[in-house]
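Asks: Each chain, letter by letter, is given below.
2 protein chains.
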Amino acid sequence: MTDATIDERRFRDRFDEFNEIGATDAGGVNRPSLSDENKRARDLLVEWFRDAGLEVRIDEMGNIFGRREGRDPEADAVLFGSHVDSQYNGGRYDGVVGVLSALEVVEAFDDAGIETDRPLEIVAWSNEEGVRFQPDMLGSGVYTGVFDLEYAYDREDKDGNRFGDELERIGYKGEEPCEPDDLHCYFEVHVEQGPFLERADLSVGVVEGVFGFSWMNVAFEGQANHAGPTPMNMRHDAFVATADVTKAVREITATEGTDLVGTVGSVDVWPNAINVIPERVEFTLDFRSYDNAVVDAALERIQDEIEWAAEREGLEYEFEEIMRVDADPFDDECIETVAQAAEDAGCEYTRLVSGAGHDANYLNKITPTSMIFAPSVDGISHRESEYTEWEDVVTGAEVLLRAVNEQAST
Amino acid sequence: MTDATIDERRFRDRFDEFNEIGATDAGGVNRPSLSDENKRARDLLVEWFRDAGLEVRIDEMGNIFGRREGRDPEADAVLFGSHVDSQYNGGRYDGVVGVLSALEVVEAFDDAGIETDRPLEIVAWSNEEGVRFQPDMLGSGVYTGVFDLEYAYDREDKDGNRFGDELERIGYKGEEPCEPDDLHCYFEVHVEQGPFLERADLSVGVVEGVFGFSWMNVAFEGQANHAGPTPMNMRHDAFVATADVTKAVREITATEGTDLVGTVGSVDVWPNAINVIPERVEFTLDFRSYDNAVVDAALERIQDEIEWAAEREGLEYEFEEIMRVDADPFDDECIETVAQAAEDAGCEYTRLVSGAGHDANYLNKITPTSMIFAPSVDGISHRESEYTEWEDVVTGAEVLLRAVNEQAST
Numbered sequence: 001m002t003d004a005t006i007d008e009r010r011f012r013d014r015f016d017e018f019n020e021i022g023a024t025d026a027g028g029v030n031r032p033s034l035s036d037e038n039k040r041a042r043d044l045l046v047e048w049f050r051d052a053g054l055e056v057r058i059d060e061m062g063n064i065f066g067r068r069e070g071r072d073p074e075a076d077a078v079l080f081g082s083h084v085d086s087q088y089n090g091g092r093y094d095g096v097v098g099v100l101s102a103l104e105v106v107e108a109f110d111d112a113g114i115e116t117d118r119p120l121e122i123v124a125w126s127n128e129e130g131v132r133f134q135p136d137m138l139g140s141g142v143y144t145g146v147f148d149l150e151y152a153y154d155r156e157d158k159d160g161n162r163f164g165d166e167l168e169r170i171g172y173k174g175e176e177p178c179e180p181d182d183l184h185c186y187f188e189v190h191v192e193q194g195p196f197l198e199r200a201d202l203s204v205g206v207v208e209g210v211f212g213f214s215w216m217n218v219a220f221e222g223q224a225n226h227a228g229p230t231p232m233n234m235r236h237d238a239f240v241a242t243a244d245v246t247k248a249v250r251e252i253t254a255t256e257g258t259d260l261v262g263t264v265g266s267v268d269v270w271p272n273a274i275n276v277i278p279e280r281v282e283f284t285l286d287f288r289s290y291d292n293a294v295v296d297a298a299l300e301r302i303q304d305e306i307e308w309a310a311e312r313e314g315l316e317y318e319f320e321e322i323m324r325v326d327a328d329p330f331d332d333e334c335i336e337t338v339a340q341a342a343e344d345a346g347c348e349y350t351r352l353v354s355g356a357g358h359d360a361n362y363l364n365k366i367t368p369t370s371m372i373f374a375p376s377v378d379g380i381s382h383r384e385s386e387y388t389e390w391e392d393v394v395t396g397a398e399v400l401l402r403a404v405n406e407q408a409s410t
Numbered sequence: 411m412t413d414a415t416i417d418e419r420r421f422r423d424r425f426d427e428f429n430e431i432g433a434t435d436a437g438g439v440n441r442p443s444l445s446d447e448n449k450r451a452r453d454l455l456v457e458w459f460r461d462a463g464l465e466v467r468i469d470e471m472g473n474i475f476g477r478r479e480g481r482d483p484e485a486d487a488v489l490f491g492s493h494v495d496s497q498y499n500g501g502r503y504d505g506v507v508g509v510l511s512a513l514e515v516v517e518a519f520d521d522a523g524i525e526t527d528r529p530l531e532i533v534a535w536s537n538e539e540g541v542r543f544q545p546d547m548l549g550s551g552v553y554t555g556v557f558d559l560e561y562a563y564d565r566e567d568k569d570g571n572r573f574g575d576e577l578e579r580i581g582y583k584g585e586e587p588c589e590p591d592d593l594h595c596y597f598e599v600h601v602e603q604g605p606f607l608e609r610a611d612l613s614v615g616v617v618e619g620v621f622g623f624s625w626m627n628v629a630f631e632g633q634a635n636h637a638g639p640t641p642m643n644m645r646h647d648a649f650v651a652t653a654d655v656t657k658a659v660r661e662i663t664a665t666e667g668t669d670l671v672g673t674v675g676s677v678d679v680w681p682n683a684i685n686v687i688p689e690r691v692e693f694t695l696d697f698r699s700y701d702n703a704v705v706d707a708a709l710e711r712i713q714d715e716i717e718w719a720a721e722r723e724g725l726e727y728e729f730e731e732i733m734r735v736d737a738d739p740f741d742d743e744c745i746e747t748v749a750q751a752a753e754d755a756g757c758e759y760t761r762l763v764s765g766a767g768h769d770a771n772y773l774n775k776i777t778p779t780s781m782i783f784a785p786s787v788d789g790i791s792h793r794e795s796e797y798t799e800w801e802d803v804v805t806g807a808e809v810l811l812r813a814v815n816e817q818a819s820t
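Chains A and B, in that order, are what the protein sequence lines are. Going by our numbering, the first residue of the first sequence is number 1, and it counts up by one from there. Going by our numbering, the first residue of the second sequence is number 411, and it counts up by one from there.
Straight line, CA to CA, 30 Å or less: simulated DSS-like cross-link-like pairs of lysine-lysine:
no., chain 1, residue 1, chain 2, residue 2
1, A, K173, A, K365
2, B, K449, B, K775
3, A, K247, B, K657
4, B, K775, B, K583
5, B, K568, A, K158
It should be emphasised that the hints constitute simulated quantities derived from the structure, not laboratory data.
Isolated chain A, as found in the complex (with noise of 0.2 Å):
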C-alpha cells in the first residue's frame, strides 16, 4: 500500500497539451517516428522529465530515459514507459497514455515524500509503430539486443531516409550506449486496442502475455489476358485464387475451441486494370494465437488451401515466411503484482493475452515484465477516432503506481 496517489487533473492537462502536438482536425495525431512533430513530442516530454526533477538520458537509437534515485544506489531499477510515436493520423491514447502514465507515477512519489529502495526509471521507446520505419519496436528492440544498431540505422523510410540520419537531423541521436541497465523489471500501461474489458464493462486488463504470429507473403502467378475473349475455364486468374484463400483463412479461423485470428491485410494485383485478367497477386497473411501451435496448424492448412487454389486456377505460386514469434507469457510474479495493484486500487479487473506486440515483449526478454491494459472503446486502435474513458486512463496509472511501488520495495 502507499500514500501516493495520481493528480488526475495535472495527468489530464499534460494529456491535452501533449496532443496539441501533431493534432489532426478529426481529433487524432500525426507525429510519425523522428518526424518533426516527433521531435517536437520529445522536446516536450524531455522538458517535462526535467522539470519533475529526473535524470534525462538519451541513447543512441533516441530512447528517452528518465531516473529517480531509490534509497538503495547499487539497486536494479524498475523501468517502465511506453512510447510517444504514433501512426500516420493515429490515436491520441496508443503509446501516450504509457509514457504520461509512469512520469505521473514519479511525481506522485515526490507529492506523497516517498522514496522507493530501488532507482526508478521511465521511459519513451522510439519507433515503435514501425510505419515509418519496418520493423516496429525498433527502439526496444536495439535495447534487448535483438536487432543491432547499425541494422536499425540503416532501415529507409519509403523516401529513402534513413532511420540514422533522421535521428540525427531531429536532435535525438543520443550518446549513451543503446542497451540494457541492471534491470528489476518492466511494466507497461497501454490501451488494449481490443474489445474485450469495453465489452466485459472492466477498467483494467492485467496482462498475461502477447499472442505468438506468423507473417507469410504469397504470391499467385497466372495468366494476363483480355476479360472478354477468354472464356471462364481457360482463365488463370491471380485473383480468383487469392479469394479462395481469403475465403480459407475465415473457414480456419472458425476451428472450434482455438483463439486463432488470421488476416489478409495487403493485396497488390497485377496488370490491375478493369478489363484484364488478373496475371500475379501478392498478398500477406497474418496468423496469431497464443498456443504455438494452433498457429503451425493454421499454416500447414492454409499452405495446402494455397496449393489447391493454384492448382485448380492452373497457377504459379510462391509463399514464404517472413516473421515467425512465438508466444510469450509473461513473468509471473510481475503478473501478480498488478493483478494486486488491481485490487489494491479497487477496480474491476481481468487477466487477459495481448493480441498485439508491445515494447513490453522485448523487454520480457531481458527482465520480468507485465503490462496493464485500459479499455479501448469499441476496441478501436490505430485511427484517430481511438478513445478511452478518461477514468480508465487514470485507474490504469493508478495500479501501475501501486506495482511500481511494490517491485521498487522488494
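Chain A is fixed; fit chain B onto it per the hints.
Replies: Then chain B, alone, in the frame of chain A:
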C-alpha cells in the same frame, strides 16, 4: 473471284520491319498511343502508303487514311484497316495485322492491274488500346460521332499530358475534319485474342458481332483495426467481402447455358498493411455476353451478392455502373461477304462472336461492317508472347482481299 493475290514475301518483310519499331527484348512491341515509337510507326506507315500510290489524309484525331480511287469517283468507298498503337509491352499482331493486311490488299490489286468500281480506303485508327489515354477506340469513336473532338483532346495520360497536345507534339494533328466519309462498308482483320479458332483448328473466324458488356466500380468500407487483438466476429473487413463477391462472379458465370464471362480485374486495398484489417477496398467488375438480358441478370445478381457481403461483414458499400455497351450484331450482308470470301479462299472457318471491343464496333454504327479473325495461339493477347501462325495471317489477308473485291464491285 479475283486474280489478285497477297505477296506473302513483301507482307512478311513489311511486318518484320514494322515491328522493329519499339521492339522489346521479350519479342513484343512497346508503341503506346502518341509515344515516340508510335510516331515512328506512323511515319513508316505513311511512307508505305505513299509508295503504294495512295492519297494520304491525316485527320484532326491523327487517324491515317490512304485512298485508292475506283472507276466510279461518285461511289461510296470501301473502308478497311485497324490500328498501330500497342499496349505497354504488348504483342506484334494486335492491330498491325489489320493495317498491313489492308495495305497488302491494295497492292495486290495494283499488282494484278485491277481497278475496282468503288474507291478503296485503308485506315489506321488512333488510340485503339486505351492504355495511355482512356477511353479506348478514341480515334474511331470521334470519327463515328461517339465522342466530341474536344473531349478526346482533353483526355490526359497519368502524367497529365493531354491527348491533343501529344498528338500535336508527334506531328499527327491533321487538318482534315474527323468525320465520316461517304462509306459503303467497313472490314477489319484482327487477331482473335481468344482460344476458339486455335482449339477448333480453324484458320479464319467470320465475326458476326461483338459481346455487350457492363463495367462497374464497387467499394466496400469497413474498419481498419489491428489484426492481432480484434476477434474474428468483431471485424469489418472490406477485403473478405471482396473475396465473397469475386467467388460469386465465378458462380454467376457458371450459370448453365449462357456465354457470360465475368472478371474482377482491378483491386485496391487501404491501408494495405500486413497487420491491419482492410478498411476499404475499391474493385472493378466486368461482365460480358452476346445476350444483353444475360448481362442484366448478372448485374442484378451481383448487386445482391454485394449487398449480402456488406451486410454480413458490417460494411458500407457503393456500386456504380461506369460503362454499358449493348451487344452489337454486325451487318448480315457484310458477314455473308466475309463467309463467302473464306469459302473462296479455300480455308477452314467458323462464324463466331467477339468478346472484345474493336474499332469495327463504332464503324458498325454508321456503315455495314464485319470482321475477319485470325487465330491467337493459346488465346494470348495484350502480352509480348502474343502469337499468330504466319500462314494464318496471310489467310486473313486473302479473305480480306476477296471481301473487299466483292463489296467494291457492288
